[in-house]
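Participant: Here the protein sequences come in this chain order: A and B. Just so we're aligned, residue 1 is where the first sequence starts under the numbering used here, counting upward by one. Just so we're aligned, residue 1 is where the second sequence starts under the numbering used here, counting upward by one.
One or more of the hints may lead you astray.
As the list claims (entries may be wrong) - Examples of chain B residues toward chain A, derived with CB under 7 Å:
1. L8
2. R32
3. D50
4. S54
5. L92
6. F108
7. L116
8. V117
9. T132
10. H184
11. V190
12. H196
Don't read these hints as lab results, they were simulated from the structure. None of these values were measured; they are calculated from a predicted model. All residues carry an ideal CB built from backbone N, CA and C; glycine is no exception.
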Amino acid sequence: MLTCKEQVARSSDYLDGQLSFREKLMVRHHLMFCPNCRRFMRQMRLMQATLKAMPEKPEEGVDALAERLAAQRRDDSP
Amino acid sequence: MAADDTQLLARLLAGEQQAFKELVTTYQSAMRAVAYAIVGQRHVEEVVQDAWLSVVRHIAGFEGRSSLKTWLLTITANSAKSRYKHNRREVLMDDLPSPHGTIDDERFSPGDGHWLVAPFAWHQDTPEALLTEGELRDCLEHTLLNLSELQSSVLLLRERQGLELEEICNLLEISLSNVRVLLHRARLKVFATVEHFEETGEC
Numbered sequence: 001m002l003t004c005k006e007q008v009a010r011s012s013d014y015l016d017g018q019l020s021f022r023e024k025l026m027v028r029h030h031l032m033f034c035p036n037c038r039r040f041m042r043q044m045r046l047m048q049a050t051l052k053a054m055p056e057k058p059e060e061g062v063d064a065l066a067e068r069l070a071a072q073r074r075d076d077s078p
Numbered sequence: 001m002a003a004d005d006t007q008l009l010a011r012l013l014a015g016e017q018q019a020f021k022e023l024v025t026t027y028q029s030a031m032r033a034v035a036y037a038i039v040g041q042r043h044v045e046e047v048v049q050d051a052w053l054s055v056v057r058h059i060a061g062f063e064g065r066s067s068l069k070t071w072l073l074t075i076t077a078n079s080a081k082s083r084y085k086h087n088r089r090e091v092l093m094d095d096l097p098s099p100h101g102t103i104d105d106e107r108f109s110p111g112d113g114h115w116l117v118a119p120f121a122w123h124q125d126t127p128e129a130l131l132t133e134g135e136l137r138d139c140l141e142h143t144l145l146n147l148s149e150l151q152s153s154v155l156l157l158r159e160r161q162g163l164e165l166e167e168i169c170n171l172l173e174i175s176l177s178n179v180r181v182l183l184h185r186a187r188l189k190v191f192a193t194v195e196h197f198e199e200t201g202e203c
């Protein structure tokens, strides 16, 4: 059975689907019996979702850039 | 080609300003993350500008063999690499210290590998609830700024832009095993920051 330390070391690969079938089973088996690691994995997923949900800094100068690019495109097209 | 790519492309080809605005709004931050990984903070803006010019110049030749997003990011990576082809940065795997540390060996018993200090239970269980605490947002920004350029780019491309690991490897020309290491180290540091904030209420 994996130790908690080994489970944590594999956590990103587990989340990204990078583990072999056998290693994936080992992680699942560990999680079944270890509430601390279940909490760790749940919070890793929450951390991922939080990064995704963080508001982007608004882009500056978008209108001017878009105007320039559109004009360039119209110049280029026959 | 995806239906919305096809529609947007037609409007771009027609030189419609609003279409370019949508393109910039949707993709510029991902382009910036790619540039940041390859040339570093100082040259991001010029690389992104180069990339946009190249996009306009070549858009008539876009054949939809990849998504518009992948095409834009590939152009950005190429702009970054061509500007620096003589002094391409090495893939730096440096692991910089993070404001709130990481989940490292000290958290585990040397004997049996169990948690010495179990993960602290966070008070919130949705991203929205976590982010209503404005200070956590600032705290996360601070941690992201303290990651190495490669670590933060890989993390943003994966978590925010939803790129597959293979796409990240191809764009940045780094191996899959390096991408996996960079991503894991970055995530553990961000995890440690949220944990610290939830535990102490401060950054």
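Participant: Give me the numbers of the hints this structure contradicts, sorted from smallest to largest.
Facilitator: 1, 2, 3, 4, 5, 7, 8, 9, 12
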